[in-house]
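Asks: The lines below spell out each chain.
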Amino acid sequence: MISYILRRTFAAVILLLVVTAVTFAIFFLLPRLVGQSADQLAQQYIGKSPSKADIVAVKHNLGLDQPLYIQYWHFIKGIVAGADYNLGPTTVHCDVPCFGYSFKDHVEVWPQLTSRIPITLSLALGAAVLWLLSGVAVGVVSALKPRSLFDRTFMGVALAGVSLPMFFTGNLAILLFTYKWPIFGRTYVPFTENPAQWANTLFPAWCSLALLYSAIYARLTRSGMLETMNEDFIRTARSKGLPERTVVVRHGLRAALTPIITVFGMDLGLLLGGAVITEYVFSLPGVGQYAVQGITDNDLPKILGVTLLAAVFVVIANLLVDVLYAAADPRVRLS
Amino acid sequence: MTELSKTETGDEATAKAPSAFLEVRDLKVHFPTDDGIVKSVDGLSFSVEKGKTLAIVGESGSGKSVTSLAVMGLHRLGARGKNVRMSGEIWLNGKELVGASPDEVRRLRGREMAMIFQDPLSAMHPYYKVGDQIVEAYRVHHKVSKKEARKRAVEMLDRVGIPEPAKRVDGYPHEFSGGMRQRAMIAMALVNNPELLIADEPTTALDVTVQAQILDLIRDLQKEFGSAVIMITHDLGVVAEIADDVLVMYGGRCVERGTATEVFEKPQHPYTWGLLGSMPRIDRETSERLTPVKGQPPSLINVPSGCAFHPRCPYADIPADNVSRTVRPELELVGAGHWSACHLSAEDRERIWTEEIAPKL
Numbered sequence: 001m002i003s004y005i006l007r008r009t010f011a012a013v014i015l016l017l018v019v020t021a022v023t024f025a026i027f028f029l030l031p032r033l034v035g036q037s038a039d040q041l042a043q044q045y046i047g048k049s050p051s052k053a054d055i056v057a058v059k060h061n062l063g064l065d066q067p068l069y070i071q072y073w074h075f076i077k078g079i080v081a082g083a084d085y086n087l088g089p090t091t092v093h094c095d096v097p098c099f100g101y102s103f104k105d106h107v108e109v110w111p112q113l114t115s116r117i118p119i120t121l122s123l124a125l126g127a128a129v130l131w132l133l134s135g136v137a138v139g140v141v142s143a144l145k146p147r148s149l150f151d152r153t154f155m156g157v158a159l160a161g162v163s164l165p166m167f168f169t170g171n172l173a174i175l176l177f178t179y180k181w182p183i184f185g186r187t188y189v190p191f192t193e194n195p196a197q198w199a200n201t202l203f204p205a206w207c208s209l210a211l212l213y214s215a216i217y218a219r220l221t222r223s224g225m226l227e228t229m230n231e232d233f234i235r236t237a238r239s240k241g242l243p244e245r246t247v248v249v250r251h252g253l254r255a256a257l258t259p260i261i262t263v264f265g266m267d268l269g270l271l272l273g274g275a276v277i278t279e280y281v282f283s284l285p286g287v288g289q290y291a292v293q294g295i296t297d298n299d300l301p302k303i304l305g306v307t308l309l310a311a312v313f314v315v316i317a318n319l320l321v322d323v324l325y326a327a328a329d330p331r332v333r334l335s
Numbered sequence: 001m002t003e004l005s006k007t008e009t010g011d012e013a014t015a016k017a018p019s020a021f022l023e024v025r026d027l028k029v030h031f032p033t034d035d036g037i038v039k040s041v042d043g044l045s046f047s048v049e050k051g052k053t054l055a056i057v058g059e060s061g062s063g064k065s066v067t068s069l070a071v072m073g074l075h076r077l078g079a080r081g082k083n084v085r086m087s088g089e090i091w092l093n094g095k096e097l098v099g100a101s102p103d104e105v106r107r108l109r110g111r112e113m114a115m116i117f118q119d120p121l122s123a124m125h126p127y128y129k130v131g132d133q134i135v136e137a138y139r140v141h142h143k144v145s146k147k148e149a150r151k152r153a154v155e156m157l158d159r160v161g162i163p164e165p166a167k168r169v170d171g172y173p174h175e176f177s178g179g180m181r182q183r184a185m186i187a188m189a190l191v192n193n194p195e196l197l198i199a200d201e202p203t204t205a206l207d208v209t210v211q212a213q214i215l216d217l218i219r220d221l222q223k224e225f226g227s228a229v230i231m232i233t234h235d236l237g238v239v240a241e242i243a244d245d246v247l248v249m250y251g252g253r254c255v256e257r258g259t260a261t262e263v264f265e266k267p268q269h270p271y272t273w274g275l276l277g278s279m280p281r282i283d284r285e286t287s288e289r290l291t292p293v294k295g296q297p298p299s300l301i302n303v304p305s306g307c308a309f310h311p312r313c314p315y316a317d318i319p320a321d322n323v324s325r326t327v328r329p330e331l332e333l334v335g336a337g338h339w340s341a342c343h344l345s346a347e348d349r350e351r352i353w354t355e356e357i358a359p360k361l
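Quick note, the sequences are listed as chains A and B, same order.
Using UniProt numbering, you'd call the opening residue of the first sequence number 1 and step up by one each time.
Using UniProt numbering, you'd call the opening residue of the second sequence number 1 and step up by one each time.
No lab work stands behind these hints: they were computed from the structure.
Idealized CB from N, CA, C, for every residue including glycine.
Derived coverage of chain B by chain A (criterion: at least 3 residues anywhere in the stretch with Cβ under 8 Å from a Cβ of chain A; other residues may be distant): (1) 110-118; (2) 131-145.
Far from chain A, by Cβ distances over 12 Å, these chain B residues were calculated: (3) Ala17; (4) Asp35; (5) Arg150; (6) Gly178; (7) Leu217; (8) Leu221; (9) Phe264; (10) Val293; (11) Gln296; (12) Pro319; (13) Gly337; (14) Ser345.
Excised from the complex, chain B in its bound form (with noise of 0.2 Å):
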């Protein structure tokens, strides 16, 4: 992950292509209801390099998949999309997406970027051929017969490891198991080469013993594409597999990011205590409880004042002047290519980790 020479909130943003082939900068996606406006993203940055795998993690309503559907262009279309205000940054390869036509998003995604879904038998169509789903993608890209668009299909049914590719191919989505519904998914979004990869839980419908393979393919394709990946997920042990970065989200904002070996190591941020708290282990003691995060996900009509964790944050009063509960935290860096947004002082977090929560975990 590149480093941003700026904070979140960051308004000094240059309208200069940045390095990284994916980067997002103070992305903000609202949704204005009869409620009040959802803030589901909230000035979010982050940024992917080729080759490189970014986790994005939180419980349902932090925002990870608005964000992912963002950098797609997919909130902006259907008879929703009039009902989104998108602002913020989102570059691609050099291409700034928040601004241009949607047109021009469209003739990217499926090519440039490809996006994996949850779960791959509601997200293919029922009615027509695994294959004629995969030629399609294919067809709108490049302009060659059906013929070789079908040849195409087949090596890449083959390629993510379904047996006779050649007879699959005709099947249809309801004839095929889980895990090899989402290998066809698969094929289907790498299928014009994809450079950036985007999973949204693509294990979290699959069975325990099929998430591991798919996630294997997905390491494989990503190195012998050398795409990058954003993979979403709130299964840390996913993270540990095969993330190189992760992105931790709260509340539509990054509480904290970096290395994937930092931010397990040396987590910094209360939030991502509770979450390391709530994995299950396999070398801990049965006996010994999981730590539940206490408390709901918070609203992102009414987002709370100051940190949006402060509510459900056991070492929320331990800053001075109460600053938790009027001030937001921007992020800072506390490690080497690692941030995190909290108002705890760098000792109290050494040693409420040290003390407190490293010894459980």
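Next up, chain A with everything else stripped away, as it sits in the complex (with noise of 0.2 Å):
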């Protein structure tokens, strides 16, 4: 189990590095590829009409001008050392570890992101409980009485649960529940500073999306608990005598939950990159907003290290995910 789990970091580490190597090939190759010159690559670190030498002495300082294996080595280098932006009259430094330099806002990224992070893992956490929990629930009962009423009536929801857009689904909860009904608080509050109101404030954001997601968890159980459920060993079960409630929970569902944790890890990993449009509208200042925002000012060094920070989710949920599904199935820590 021990070498397992050391095999998969290992394995993760590894696909770390080819993150950063395809993210770094998104902003400086591929503009690069498509007919960008360095000229115009420099321009977007500066203000408006920049003066041609400002864009030489900006080329030069950053690097724009070396051949891209360098450019790259400055960047992973950035990454676990940190590194410094000559800008002419002054040099900036930007602390391990450096996520890139807003040379628009003169802010490092990487604090700006990680005083956003607890508003994203809010988010996400609480919604994934709400999702994980309605959706497994209404998956096993409607795979118990399949084509009853309840079934019929939760698959009807969660088809409406999954084609509803947060557009429409957050604005009418805002509307309802924070304006016509004031239930709910409408500005974010740390969980540090007040838990109740942190819970009060997030709740709307935390059911829109998770009305989304447990649809698809919803029907994900269904299928996996219909397919247990027609299982030889949960014959065996009970020709043993067992309760059905324990043939249906400790051998039905224990079965049926592991492809559901290859998801729900996929989904948080992703989630905690940034939830951009549940943000958005529900005005959280998460990571996810802070995305949207560097796209509007079109300031590259944000937008670098909101993807990076989200493929860096996604392998580390993807680590996570590798290690449950050993803990949950015996058979996988063989091969």
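With the hints as a guide, dock the two chains, each given alone in a separate frame, to form the complex.
Replies: Dropping the structure here:
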């Protein structure tokens, strides 16, 4: 088991290296390939209507005129050892891990991200707990009584949930529950300040996001349970005289849960990289909103930072899924 | 096998508890489907005494597995549970099970009656240790600590011949070989000393070399525990090896039953003849071809009229008045404790058996 975890961790580190290469390629290689010159790239780091000399200076200072592998080396070095950017009169230092420096706002990207991660984390985790519980519960009951009124009703709701966009459910929730009937707060409060208010403000966002996801989980659990409940080992469990509840939960659900762990890890990892639309709709200053901001400002380092962070979260989530998978299914440990 | 003083469709069935340990009377298991009612078991009666082995023989779809699951009360559970119609009586040790509440039957399941399944790999939960699965089976019916139950599990694994049971108890099913897995399955079934053991093709998924070991094990354990055994199989070799009584099923009904010696030496039903003829034998010339039973097993939705076997029976035209196609034959006493459902007269059967069938076997 230990060697399995070590193997997976090593694989994850390699994967992260690949991820940085791909991210670097997207932001520095791709523009070149589509014909953007180093000058044009440099121009993005300066204010409006720069002079020729400014561009040349920035190009040189940021190393944009150097070969790509040197640039990539600086990029990696920045992440693990920090970086200095020479801005002509002054030199700014970017601390480890340097996820970039926004030359438009004159701030490092990483501290900006870390201050926003708790918000995204609050949103993602809260919604994840809700959708996992509701989705799996609905899925199990639906599977035990397929084609019943409960099954049809909730599968209908699930279909609606997965079809309705966040623009609609989110805004509807805000309209109804914070304006028409002001039950929930409107401005985000950190958990450390006031947990009750924190939960109160986030609740509509959790529910809207959970509705979107729980639909998928309900369907996934339902089909998984329908399949496992027909397995031979379920018949064996019954033949032992186990109460039906034990058969369903200990034997049926346990086996049906493994594919759900996989999807759950991926979904959570993706969400931690920024629930872009949800954060935007609910005005939550999280990572996703930062990405939107970076895109509208055409501020490359911000976008690069968010991309890298999201990739890291997905890789870590994948690692956790692998470990959980081995814990759940003893057959995995062998291979 | 105790003789029943009534024919198979006997409606005069008394509600009185029978003397046999397990007695099934006029059991019907029907599954309504979109295409019609599947009559998997349609009026089956038999009984088993403690310490005896009854083999239920027949092709796939003849209703043998459905019968065993019905005795275990496993049809009524799960999503499909509502879709089954069961009637008749199943008496186990003086208790009637068809009319009993699901919870009453559940309490008997695993304790008084246990079952071994065909494929031990798919029949054991892949995520739990073999020992834990045995412990679970024991603790449902016994209020003991996990430690005691574990001791019991090791004991059982040892009893069924698994080497190093104290170590193997913590193994997962996929770490066991096929034969070891089936032994573990048997240990799990026997952990509560059940008085009735149903084995549903316990050797079909196993290596030929392991098959005999498993059969020996079942026979030894039966002697030790004195339980009644129902062996479901399509393998007549298994029947010859282990059975005291034989029940031949065709199309959801019993076509012949009797002691193993009677059925093997003086089979009375053309279908049984067919089964015997299709059995490979080591003492026969390899140049001789096996004679399969021609045709397909009958549809259980539209069971052939008259004798269900008549479309495949080479002798269906011998009885007069086309009776094979119009009248369903009832079980008749044809020998000591030997019943058969066929329209052929005793003389015809005797003649066909001695002149045509027996010389070829």
